[in-house]
Each structure stands twice: as structure tokens, then as C-alpha cells.
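Visitor: These are the residues of each chain, in order.
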Amino acid sequence: MNIKKAVTETVLILFSFSLQTTLFSFIPVLRASADVMLILTVCHALFRGERTGVMTGFICGLLYDIMFMDILGFYALLYAFIGFVCGALTDYFDRNDIRLPLAAIVISDIAFGLIRFFFLYVLMGNFDIAFYMRDSMLPELVFTIIVSLVFYPLLLLIEKKIIEPKLIGKEKPEEFVDVI
Amino acid sequence: MSPVVKKKPEKKSIPGKYLLLIVTILCLALMLLTFTTDISSGFLDSAVGTVVVPFQKGLMHTGTALTSIADKRREYSELEAENESLKQQIAELTSENTLLMQDHYELMSLRELYDLDNTYSEYEKTGARIIAADSGSWFSTFVIDKGEADGIETDMNVISGAGLVGIVTETGKDWARVRTVIDDRSNVSATILHTGDNLMISGGIELIEQGLISYSGLYDQDENVREGDKVVTSGISSKYLPGILIGYVESIDTDSNNMTRSGYITPVVDFEHLREVLVILEKKQNTGEHGS
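Taken in sequence, the protein lines are chains A and B. Counting from 1 along the first sequence, just add 70 to a position and that's the residue number in my numbering. Counting from 1 along the second sequence, just add 40 to a position and that's the residue number in my numbering.
Isolated chain B (complex conformation) (with noise of 0.2 Å):
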């Protein structure tokens, strides 16, 4: 080849070496300005979020289809002997019911007479569905698609039927991002139930696994909590509203200064099989406005 013919560059614009140190400068402030200030991304997560979410709900919605797909081929004998014990458990569910709504009658009316303030199934609550989950496998976010536009606020309580998920940390027009409690980052302060002792409850990345999450900090002199005790958010939490189921003690250790005790907890949420959620419209700053 003759020395001729030399090599193009690309276009007429800057080479990738300045291009690079301009993107590296920018990265670098963005970090420095989003860690040491409050302001978070508030316009670009809204203007991200519309572009972004029509699409991941879109394939979440595919996907979802090829899934039940999936379902329907299973044995068909399986199906039908589920059916014939769910028809059993319906008739003893029944009349269950029947008893227990007795029961509530009795309770609705007892706690009118003591003018008593009901749990979390009084607050308000709105469903929402999981569009997309943080791709690493420690970090357990996820995004619902549920967002300003239907009143879910930063710090809002994010529960799944059973028990606690997470906490909302932030929020686009139709969109909002949730931190589980099986989260490394999450540290939520919480109530053995029966006994009322204290004790602060961390997600671990190695624990997701198991499916446990750990507690320390238990003050518990006398012994007096088991394994299997449940264990609800505390009333001394500062975003977490009192009286949410957690999880059930699973084991409980002496720490080495025998004064606390540490351990875990099964939480009563499956997270690796949560599809949808229920985000609680209240938050704890507010409650004590309107509360009794």
C-alpha cells in the first residue's frame, strides 16, 4: 500500500480523547454536586421516566404474557387435583369466614365503644405493579409505575399484602423507585410485638439468599423473646409508620458485650417472587396531624 492513502478521521469534530475528558469532567461534577447536595435528579428523573417507562412496561407486559404461556402447559392432573383441595379449603375458609366476620361485627362495635384508633388497614393505599428491578443482584430497588401523578411522595411505605417491603426514595410523574429491606442500605428501627423491646433491623447482600435479614441491638435481659416472636416497625421510627408486620425472629444470638442480643429475621414478604405492591398514601411525618 502506498503511504497515500492515509487513515480518515472521524468527521470533523472533536477526537475521542477531548470528548472523553469532557464526559469524565461532567461524571465527576455530577457526582460531587448529587453527593453533597440534596438536590437529586428531579428533572431529568421525570423527563427520563417518561421516555423510558412506556418501554419497560411494554416488555414487562410481554413478558408476563410468555410466562402464563409457560403456565398453562402444566400437567393438567396437577391442575385438577389443586382444584379439588382449593374447593375444600374454600368450603372450610367459608365458613370460617362466617365465624370470624361474626367476631368482627363483635370487634367493630366494642371498638366504637372504646373509641379505639384502627391499625395500618385503615390507611389509605394504592396498588401498583413492579416494572423494573435493579439488574445487580444485591442492591434490591426496584421501580413501580405508580408516581407523583397518583400522590406517592418520597418516604412513603411500600407494603405487600402480608408485610413491609421498602420505602419510596424516589419519585417521577408515573414512576417511583423503592428500596426493599433486604437492601444493604436499609436500616429500619423495630418492635419485638409481644414483649415491645427494641431492635434495629438491616437488609445484608449476603442474606438475600437465605431470604433472611439481620437485627441487632436487642435489649432483652430476662429472655423473654423467642424464636418465631413477630416483629413490627417500631412507633420511635422516623419514616416508618408503627405496627407493620416485619418478619418473624428466625434465631437469636448473645453479642460478645452479653448485653444486647443479635440475629435474624424470616421476613414474611417473598421478595423474589413480588409482582405487585401497595404503597401506604400516608406518611409518618403527617399522621400526627390527623391523627387522634
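Isolated chain A (complex conformation) (with noise of 0.2 Å):
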């Protein structure tokens, strides 16, 4: 891990977690957020691997936690496990493709949404889950989607400029090992 790299990351995390939660919150038609840090843990995870993906979303979901919730780990839980999920398909994904990382983060969001629904307030007594998916889970999977469009390009612009170039001096990327 290299100090560049290092930087990037912890920037990208922060901005992410700001932009959720500050500008995405208070857009006043939508009533929910475009959930940032998990399209950064997704293709954080297809970019680069499992273990990036556990720890991109572990740190993601407990900034979340320290910041929102009154029990600790249990979004840093769901983060991690969405980013070990995507970071199996690495294998199966072409960076050029939105299609696969789009579908990831869809999928994702519905399960988080799911999950979230389940322990936080079917646990507390809220049975409602017609009304949870049309006032929460479909708008923020809506703005979720429109944002990932955005985002990205801009991520995997920032792989290939800032992350990539260091790698190719020490070792090789898979794709050049392969063509070899």
C-alpha cells in the first residue's frame, strides 16, 4: 500500500460518505439518499478483489455507524459482506462493461435494503414492507442507479490515472500476464 494510494482511498471514503450524507440527503424532492459508499464498495471490489472489498466496506459502514447508529458494526457488517461478494465476480468482470458492475450494485441494494428492513424494523415491530419499498427502497435504488452512471466512469478513471500506474513498474495486472 502505497502513500498515493493510501490518500486516494481516504479521500474517496470521505467524499462518498459527505456526499450521501449531506448534499444527497437534503435534495428536497427525493426523500432518499443515493447510497454512495456502497457503489464505491462495489467497484472497488470488482476493480481490485476480495480483500479490497471487505475493507473498503468495512470502513464505509463504520463511519455510518459511528455517525448515525446506536450499535456499532452492523453496517460495517453488510458493507464488508456486499464487498467480498463483488470481489469473487472479479474474475468474470470487463472494466469497459457498465453492465456488470450496474447489475452488482442493483442487486446489492435490493439485499441491503432487504436486510436493513428485516433487522431494523421488522425487529422493532414495523411489518410495513409495502410502504418501506415505495418510500424508501425504490427511490434510493432509483437515485442510486442515476448517481452510479456518474460515479463510474469517474472511479475507473481514477484507477486507471492514479492506482494502476504504480502497479505496472512492480507487477503485473492479471490482464497482461494472460496475454502473455
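Derived from the structure by calculation, the hints contain no laboratory data. Fair warning: there could be bad hints in the mix.
Label-pair distances were calculated between CB atoms; the ranges are [claimed, not checked]:
1) A:R204 <-> B:N227: 25 to 33 Å
2) B:S256 <-> A:D140: 20 to 28 Å
3) A:I199 <-> B:L147: 51 to 59 Å
4) B:I109 <-> A:V176: 29 to 37 Å
5) B:G251 <-> A:A181: 30 to 38 Å
6) B:S256 <-> A:R204: 45 to 53 Å
7) A:V212 <-> B:T235: 41 to 49 Å
8) B:N227 <-> A:T80: 38 to 46 Å
9) B:I54 <-> A:V176: 25 to 33 Å
10) B:M240 <-> A:F201: 33 to 41 Å
11) A:D140 <-> B:A189: 18 to 26 Å
12) B:G268 <-> A:V176: 43 to 51 Å
13) B:M240 <-> A:V212: 32 to 40 Å
Bear in mind that the values here come from a model prediction, so they are computed numbers and not experimental data. Note that beta-carbon positions come from the ideal geometry of N, C-alpha and C, so glycine has one too.
Both chains are given apart, each in its own frame, so use the hints to dock them into the complex.
Guide: See below:
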């Protein structure tokens, strides 16, 4: 882990977190915010594999827990699992095709929403899933998809320009190995 | 491809599976620890706050700037008409104000005579700006830009001009988390102002959208309570200061036990457009010590 990478990583996580909880939360038309941290976790997992996925997810989730939850670790665990599962898909992933990351984000967001519904609402005695879907999950999903259409190319660009030039000197990325 | 080319492992450190296992155990331990004990997240809070809050403040600032540009585009004539009506309003208010000031001075002197304590206008307050909100639309918690350094502590009441907003649940060095009364987890004991009947107010997820909060346990056999009555925080509440306006009774239904009433209250605070709040720097537990 070189310094440039660490700094990029930190800034990306902080930026995603702040964007999700400030600007996006206050757009009046939308009742929900886009899950920018989910996009970041899924993309990083797809770019670099399971370990990065787990770590990015864990840090993102922990930040959210500390700022908004009474119990620490819930979101951290969820994001880490999403990072892990998406990391396992790295081998089937063509980074110039946005369909797989988009599908991964959509599925993750739905799974995330359902798990959150079960643990945070059903266990507290709210069973109104239709209301939850309409009022919270669906707007969040739509907003997240729109944001990821912008965010994915941006992340890919950062990945290509900042993270990878360093790698080529030391160890070749897998694509190059395969060609030889 | 020849099988000679093997997939390179991700550097030499631990594989993802084990990392996930470690993270899982860590998270479960954290959940258990924060759930069973009361230590919350003290130092983590302040560490994260120091790093994240400047980011959030910056973005929020940008957001506000953008909104103001959009606002400027509003129709000129609309503004002019508004200006006209506002001027008229100022004139009316000024005359009204002079009358009220007279009443006010009279009231002051009378109060002095009777040595009465003033209500919550006397509490020391500090203004704060909302810098982040919970992104899920159901839990209505938000973060403000003042914290321990400004004298804010857990359990302090938060109001916004007209009435009660919520309560501080967690503090960092220069930020604090506030849980609003419309939150699912909020329960406030309150009083109908003119009859003195007590009731329990609880927020609810289904009601946020309609801008209502529900109440229950109102014991009112003589049916004195009417729609539109003022509801204020009660003196028997352990955390909320007495006499802060919460809202107005919207509807009254008789419960199936025929003894108590329940229904909805319209809060006076507009939670959807909340940007600035006031934190009362006095806690319920302390008021007894230096109160009269």
C-alpha cells in the first residue's frame, strides 16, 4: 500500500460518505439519498478483489455506524459482506462494460434494503413492507442507479490514472499476464 | 492458453475469506459491546468527527450556495409582489409590536411583583446548523455543527423557533447527533396545555410523510380536549424541559378500552425544511439545582 493509494482511498471514502449524508440527503424532491458508499464498495471490490472489497466496505460501514447508529458494527458488517461477494466476481468482470457493475450495485442495494428492513424495522415491530418499498427502497434504488452511471466512469478513471501506473512497474496486472 | 500461466495471488497477505472472517468477528464483538454496555463510541466519535465534519461542512456550504443561485432565478414579479405584501406586513407588525411592547413592559413589571419565573425563553440557548442527515428516510436523526466545545451535552433539548425538534443523543468535539420527535424511537411525555391532561407522544415511520406524530394514553373522561389544542412537553418527563410547544391536536379517537384517547398531532416544526436549530444549554436533571 503506497501513500498515493492510501490518500486516494481515504479521500474517496470520505467524499462518498459526505456526499451521501449531506448534499444528497437534502435534495428536497427525493425522500431518500443515493447509497454512494455502496457504489464505492462494489466498484472497488470489482476492480481489485475480495480483500479490498471487504476493507472498503468495512470502513464505509463503520463511518456510517459511528455517525448515525446507536449500535456499532451493523452497517460495517453489511458493507463488508457486499464487498466480499462482489470481490469474488472480479474474474468475470470486463471493466469497460458497465452492465456487470450496475447489476451488482442494483442487486446489492436490494439485498441491503431487505436486510436493513428485517433487522431495523421488523424486529422493532414494523411490518409494513409495501410502505418501506415505496417510500424508502425504491427511491433510493433509482437515485443510486443514476448516481452510479456518473460515478462508475469517474472511479474507473481514478483507478486507471492514479492506482495502476504504480502497479505496472512492480507487478503486472493480470490482464497483461494472460496476454503473454 | 498454456496451464503454465497461473493466476497470481493478491500479494502475500491474508486471503479475502479470512479477512472477512476477522471483520465479521470484529463487527459482532462491536455490536455486542455497544449493545450491552453503555460506553457508546466515545473516542471513535471524536476521531471520526474531526476528520469527517470539515468535509461535510464544506459540501453543505457548496450545496447552500447552489440552492441560492437557483433561488435567484425566481420570477422578478413574484418577488416584487412579495416585497409589496411584506412591506404592508411590516407596517402592520410595527404597530402591533408597539402595542405588544407596552403589554410586555407591563407584564415584566407584574412578573417582578409576583416574582414569577419565566418559561423557556429564559433558558440559555445556542444556535447550530444542520450539517448531515441520516440518509435513510425513516430514522430522522441529524448531525449539527456544534459539540462539546460549545458546551453541548447528551440529553439537551433541541428546539427550532416555534417548538420542540428533538434531543441530543451523542456528542463529539464539534458535532452532535440529534434525534427528532418524529423518529420511530422517540417517546415524549406531554401535556395538553389548557386541561393539563398528560399523554404520550411517539414518532412513527408511516407518519413522517404526512407530517404527523401520534399520541396515546390521553385520559380525558369529560372530553374537554378539542382539536387544535396546544400540546407542550410535560413536567413529569425525565429528559425534556417542561412547557416547550410540540404541536396541535389533529384528531382524537377513543381507544377500545373506552378509557383513554389517542390520535395525531401536527408538529409546529417543519421537519422537512429544517436547516438551523437552537440547543437549550440546560438539562432537565440540572434545572432543579439552580431553579427557584
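Visitor: Please write out, lowest number first, the hints stated earlier that are contradicted by the structure.
Guide: Numbers 6, 10, in rising order.
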